[in-house]
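Asker: Required output: the full structure, derived from the provided sequences and hints.
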Amino acid sequence: DQQVKQNSPSLSVQEGRISILNCDYTNSMFDYFLWYKKYPAEGPTFLISISSIKDKNEDGRFTVFLNKSAKHLSLHIVPSQPGDSAVYFCAAMGGGSEKLVFGKGTKLTVNP
Amino acid sequence: DAGVTQSPTHLIKTRGQHVTLRCSPISGHKSVSWYQQVLGQGPQFIFQYYEKEERGRGNFPDRFSARQFPNYSSELNVNALLLGDSALYLCASSFRVRGIGETQYFGPGTRLLVL
Chain A
14 DQQVKQNSPS LSVQEGRISI LNCDYTNSMF DYFLWYKKYP AEGPTFLISI
64 SSIKDKNEDG RFTVFLNKSA KHLSLHIVPS QPGDSAVYFC AAMGGGSEKL
114 VFGKGTKLTV NP
Chain B
3 DAGVTQSPTH LIKTRGQHVT LRCSPISGHK SVSWYQQVLG QGPQFIFQYY
53 EKEERGRGNF PDRFSARQFP NYSSELNVNA LLLGDSALYL CASSFRVRGI
103 GETQYFGPGT RLLVL
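Protein sequences appear in the order of chains A and B. Residue 14 is where the first sequence starts when you use the numbering used here, and the numbers rise one by one after that. Residue 3 is where the second sequence starts when you use the numbering used here, and the numbers rise one by one after that.
Wrong hints could be hidden among the right ones.
Now the in silico label distances, taken between C-beta atoms and shown as ranges [stated by the list, open to error]: (1) Thr-122/A / Ala-4/B: 30 to 36 Å; (2) Gln-19/B / Asn-80/A: 46 to 52 Å; (3) Glu-104/B / Gly-96/A: 27 to 33 Å; (4) Asn-80/A / Leu-13/B: 23 to 29 Å; (5) Pro-22/A / Gly-30/B: 34 to 40 Å.
Since the hints were derived computationally from the structure, they do not count as laboratory data. Since the structure is predicted, the reported quantities are computational estimates derived from the model, not experimental observations. Virtual Cβ for every residue (Gly too), placed ideally from N, Cα, C.
Answerer: Shown next, in the form of structure tokens:
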């Protein structure tokens, strides 16, 4: 079963606008959530994380929001830049498990 | 500072062969995890090692094994290769195993093709 779901395989936005990437999870034991960015032929690059004791974390142009009651998190990128074009993975961990559980990814394209 | 390094970058094997993939963690990191990523999917957890001991294992057959050395580097071994083992194999390191907020940092991966 897919414990972490990214329901949008792709997203296209204009440069300078906001990009919003969404992620849902089913396992209530998850307590730490991460977003990774991946370019082709490279490993995932860590972007930002949030623990379950918070509902928002911000780092420069990137903000992650966590809604525990809805088991939903989102990544906001403002303003979007063409260099942000990549596949974005949502990942979660918790419940005493040592592993990261990933979604299938969302391909973001930022058009100049 | 160097990030996570993996070798080789690419590898071609035939069915039934054995493969060894190598990983060096970020300096100071003591935990190494291995993931498999097939096309169109997110990475899937294979193993985690900390202080040379296995701390977690994913849903992979016994053909997959790993170990961690005293310098915290790690090897992933896959025996009796199948076509379905073709994937990008990712190594990630973290300072320790699970504490709140323990971020894993990934290497560039080894792309394995089994013919």
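Asker: Now tell me if each hint is right for this structure.
Answerer: Taking the hints in turn, this is what the structure says about them:
A hinted range of 30 to 36 Å for the beta carbons of Thr-122/A and Ala-4/B is consistent with their spacing of about 31 Å. Taking the beta carbon of each, Gln-19/B and Asn-80/A are about 48 Å apart, inside 46 to 52 Å as hinted. At roughly 28 Å, the beta carbons of Glu-104/B and Gly-96/A sit within the given window of 27 to 33 Å. Asn-80/A and Leu-13/B have their C-beta atoms about 42 Å apart, which leaves the hinted 23 to 29 Å range violated.
Range check, Pro-22/A to Gly-30/B: Cβ separation about 37 Å, and the 34 to 40 Å hint holds.
Hint 4 alone, counting from the list given before, is not met by this structure.
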